[in-house]
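Visitor: Taken in order, these protein sequences are the chains called A and B.
The first sequence runs contiguously to residue 737 in the working numbering.
The second sequence runs contiguously to residue 619 in the working numbering.
These aren't lab readings, by the way, just hints derived from the structure by calculation.
All residues carry an ideal CB built from backbone N, CA and C; glycine is no exception.
Check the hints yourself; a few may be wrong.
Unchecked claim - Listed next, the in silico EDC-like pairs over lysine to aspartate or glutamate satisfying Cα-Cα at most 20 Å (straight line):
| id | chain 1 | residue 1 | chain 2 | residue 2 |
| --- | --- | --- | --- | --- |
| 1 | A | K703 | B | E544 |
| 2 | B | K428 | B | E593 |
| 3 | A | K703 | B | E593 |
| 4 | B | K589 | B | D506 |
| 5 | B | K534 | B | E544 |
| 6 | B | K505 | B | D438 |
To be verified - Stretches of chain B that chain A covers, calculated by requiring three or more beta carbons in the stretch to come under 8 Å of a beta carbon on chain A:
| id | stretch |
| --- | --- |
| 7 | 432-442 |
| 8 | 547-557 |
| 9 | 601-611 |
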Amino acid sequence: MNQAVQATEGHQQHPLAIYLWIWLLLFVLSAGSYLVDYFHLQGMLRWSLIITFMLLKAGFIVAIFMHMAWERLALKFAILLPPLCLLVLIGFMAIEGDYTFLTRGAAFVR
Amino acid sequence: MAHDAHAAALPPLKQVAADFGGDKQSFQVPWGKAMMWIFLLSDTFIFTCFLTGYMHVRISTMESWPNPSQVFALHMFGQDIPLILIAIMTFVLITSSGTMALAVNYGYRKDRRNTVLLLCATAALGATFVGMQAFEWTKLIMEGVRPWENPWGAPQFGSSFFMITGFHGCHVTAGVIYLLVTAKRVGSGFYDRKGSYETVEVAGLYWHFVDLVWVFIFAFFYLW
Chain A
628 MNQAVQATEG HQQHPLAIYL WIWLLLFVLS AGSYLVDYFH LQGMLRWSLI ITFMLLKAGF
688 IVAIFMHMAW ERLALKFAIL LPPLCLLVLI GFMAIEGDYT FLTRGAAFVR
Chain B
396 MAHDAHAAAL PPLKQVAADF GGDKQSFQVP WGKAMMWIFL LSDTFIFTCF LTGYMHVRIS
456 TMESWPNPSQ VFALHMFGQD IPLILIAIMT FVLITSSGTM ALAVNYGYRK DRRNTVLLLC
516 ATAALGATFV GMQAFEWTKL IMEGVRPWEN PWGAPQFGSS FFMITGFHGC HVTAGVIYLL
576 VTAKRVGSGF YDRKGSYETV EVAGLYWHFV DLVWVFIFAF FYLW
């Protein structure tokens, strides 16, 4: 509750320990994603681990280091919702990429 | 401000409605912070466009994609260590993110000396990162990587690499300058006279965003 009150005053002062723990966690997560490559993990295990580590890192940076967790919901919505429409672009381009690949295959291999 | 205090006590969704409704200021933060967040939102779209373009050319190319694990390996201690330079760059950037978070924290404590020191440390780590990136570019260019060709496979590798890491490197370089300017102002007591260190937090938002973008580049370009 104390933190919520601070956030409404637009003042982002939090205990030092939170930052140090998140900092350590980011190191561990980065080491994890490097080890995925180092041990040559392949297939679904590789992709799922890379994505999990990436999203966790990104989430902690935005939520704690950039103080988004303590901002009011209006700002959270205004900043975090618009990027969701990028998922549509990514989806379209993945389909389009597959189509281009198949077309090239059909045109060049013949 | 009585109205804001009232809105703060509302349940979250009611609070959003109260913040956006009515003829008044929507975001209860300093204007610099709101504008920085909106700038970072636009930057998110730019970097996503780059990464999506990279995804598209990588899906659609008929030639095999060069293996980043081998391309970015360094010969150290008598053996090839995969991706080691990129791993070190990642750790340098995360370290700088940590020192930046501490700088913001000490700024709010109005501890001028430590804020300046931590901002300068952050800028130094950022400059180290750019230096290592310059080394990486030099190495790849010497090995024959160009935006239109490379010795290992799909020619789109070079254009994606130079475009994405180049644009990110520009952001880091601009961030180093931004941090040094902020450090100078903190040191001169500018924010003590102004009575607020919020500008340090705004600079911090930019710096953390640069680290955030690297998280995605590291995952999608170097590890994928």
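Visitor: With reference to the structure, classify each hint as holding or not holding.
Guide: To see whether the hints hold, each was checked on the structure:
1. A:K703 to B:E544: violated, 43 Å
2. B:K428 to B:E593: With Cα atoms ~8 Å apart, K428 of chain B and E593 of chain B stay inside 20 Å; holds.
3. A:K703 to B:E593: holds, 19 Å
4. B:K589 to B:D506: holds, 15 Å
5. B:K534 to B:E544: At roughly 15 Å apart (the allowed maximum being 20 Å), E544 of chain B and K534 of chain B satisfy the hint.
6. B:K505 to B:D438: Not OK: K505 of chain B and D438 of chain B at ~31 Å, beyond 20 Å, violated.
7. 432-442: This one holds; 6 residues, not fewer than the three required, reach chain A with a Cβ under 8 Å.
8. 547-557: Not satisfied, violated; 0 residues make the cut.
9. 601-611: With 6 residues close enough to chain A, the hint holds.
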